[in-house]
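Asks: This is what each chain is made of:
Protein chains: 2
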Amino acid sequence: MTQIIQCIPNFSEGCRTDIVNELIKVGQSIPGVTLVDHTSDTSHNRTVLTLLGCPEGIKAVAVALAKCACKNIDLTKQSGEHPRMGAVDVIPLVPIRNVTMGECVALSQEIGRQISNELGIPVFLYEESATAKNRRNLADIRRGQFEGMAIKMQSPDWKPDFGPAEPHPTAGVVAVGARRPLIAFNANLSTSDVKIAQKIAKRIRGSSGGLKYCKAIGIMLLEENMAQVSMNLVNYEVTSIYSVVELIKVEAARYGVGIVNTELIGIAPARALIDCAEYYLQLKDFNFQQHVLESHI
Amino acid sequence: MTQIIQCIPNFSEGCRTDIVNELIKVGQSIPGVTLVDHTSDTSHNRTVLTLLGCPEGIKAVAVALAKCACKNIDLTKQSGEHPRMGAVDVIPLVPIRNVTMGECVALSQEIGRQISNELGIPVFLYEESATAKNRRNLADIRRGQFEGMAIKMQSPDWKPDFGPAEPHPTAGVVAVGARRPLIAFNANLSTSDVKIAQKIAKRIRGSSGGLKYCKAIGIMLLEENMAQVSMNLVNYEVTSIYSVVELIKVEAARYGVGIVNTELIGIAPARALIDCAEYYLQLKDFNFQQHVLESHI
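Chains as they are written, first to last, in our numbering: chain A, -4 to 292; chain B, -4 to 292.
Just to be clear, a hint being listed does not mean it is correct.
No distinction is drawn between identical chains; accordingly, a pair holds when it is met within one copy or between any pair of copies.
Stated by the list, open to error - The calculated EDC-like cross-link candidates involving lysine to aspartate or glutamate, where the alpha carbons are at most 16 Å apart (straight line), are:
1. K279 to E219
2. K197 to E161
3. K20 to D32
4. K197 to D135
5. K279 to E258
6. K66 to D32
Hints listed in this document are in silico derivations from the structure and should not be mistaken for laboratory results.
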């Protein structure tokens, strides 16, 4: 029974292709680990890798990538639209097959300890790995960003879990943690009015009273001149993709607006998509384990 | 690289639970073969098993099941709504993983030869295994059913591929062949008028000018008092599930009728369902190989 963990490290560099290519090369260099996706965004100035592998391989690749980022990315000279606190900003670990969340938490601790030891970067454990309530949410850890981290860390509330009490001078700090799979999903609207996307996002996201496990913002796609509802679905078994799509349609109709198309960023479990097929087809007595060929192989 | 073949033998017994249970037990008895689904229908008087396994295992289970059927099912005393020509009526083989259609054709020949040798049952190779054009289509081979087979086989056109020139006195004949995966899919309508289901079936099926790889009939579900469009989709990559669903909705609207729900009989490849999700979600630039987690594992 092979164990498989997904690791989706985020780096604060999305412009310099030589650095991005070096990260990709490191991501492909560890036996037992596959780089399945990489996306770089120049306006965000950020790169996200998606890796799958055995626990030992994921540990090795996470540490090697942190080294590469630390060597090449200097946050005192970096800027971009996306908030950031470290050269390698966050390292999420997701249990995929024959691995428990507890094993991913243990692995995040090992990775955190090694990064702090070898690179002198302070490490905060977050989400399922968090050692305090105020450290569960990545946005809370990152608040103040790289520039505000030295002062923030003077508070005992923000003593890191591993490593020095001050941020690394150029590589800042990093969050490492185990979490559930997350689906990054966007809906593009038939309008160029970003306010409509923002109003829809506010109606559908859990934080303002919408669907509990949906995070959403409204943004403008400048090149396409199109407004977008950009989402993270953090528990697709409860808040499924079709629920957010139907709710967006309902809210968009207020403004005479529709969905032009949608996008899946990175990868999603087959189950999350088949849930949508089950809804759309009105399938009766459907059971993933029983009716899907691949679940028998 | 494990080779996996799907085998879906059909038996002309759906009422006597002791016989059905014996077939199920035989289906579970061969190492390397998994019985993933079984359905019995009393009005059809028919049982369908769905098996997955390596080529050698599938060969062993197919022959063992034919023996069990031959011993227990006497077609001179059998009746039911579903047309039939043998105790084991048809043995389809479908390539699933690391197996070519050619290898499934070769296996169907081995299985056919062994069944005719050991049980004295005449075997017709059908679909991809057919040795003549008039033997490709199962319905053409079965026309006349068990009762008409002795006379039909006097024609040189219907000399079997293996075994004696006359049907087995109680077990009849059997068709064995390799074919593409088939999706058995039904749509239940908000009407008790079977004529509406029949009119819709005629509009959507390939044989009367509809979707090329869709076979469809309109039937009545007596217990539910509900008309049903019952379908076989014989090439889901071209004629996808969502196409038939949308076309049924369009045709049903003529009569003020809608789809109440749909049913998947047996198992379907994840891809066939994810195609529906892609359509429903209006996913942009979606690629199964790239975006579905399981395709990387």
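Asks: All hints are to be evaluated individually against the structure, with a verdict given for each.
Replies: Status of each hint after checking the structure:
{"no.": "1", "hint": "K279 to E219", "in the structure": "between (40 Å within a copy, 14 Å between copies)"}
{"no.": "2", "hint": "K197 to E161", "in the structure": "neither (36 Å within a copy, 74 Å between copies)"}
{"no.": "3", "hint": "K20 to D32", "in the structure": "within (12 Å within a copy, 45 Å between copies)"}
{"no.": "4", "hint": "K197 to D135", "in the structure": "neither (20 Å within a copy, 60 Å between copies)"}
{"no.": "5", "hint": "K279 to E258", "in the structure": "between (28 Å within a copy, 5 Å between copies)"}
{"no.": "6", "hint": "K66 to D32", "in the structure": "neither (23 Å within a copy, 55 Å between copies)"}
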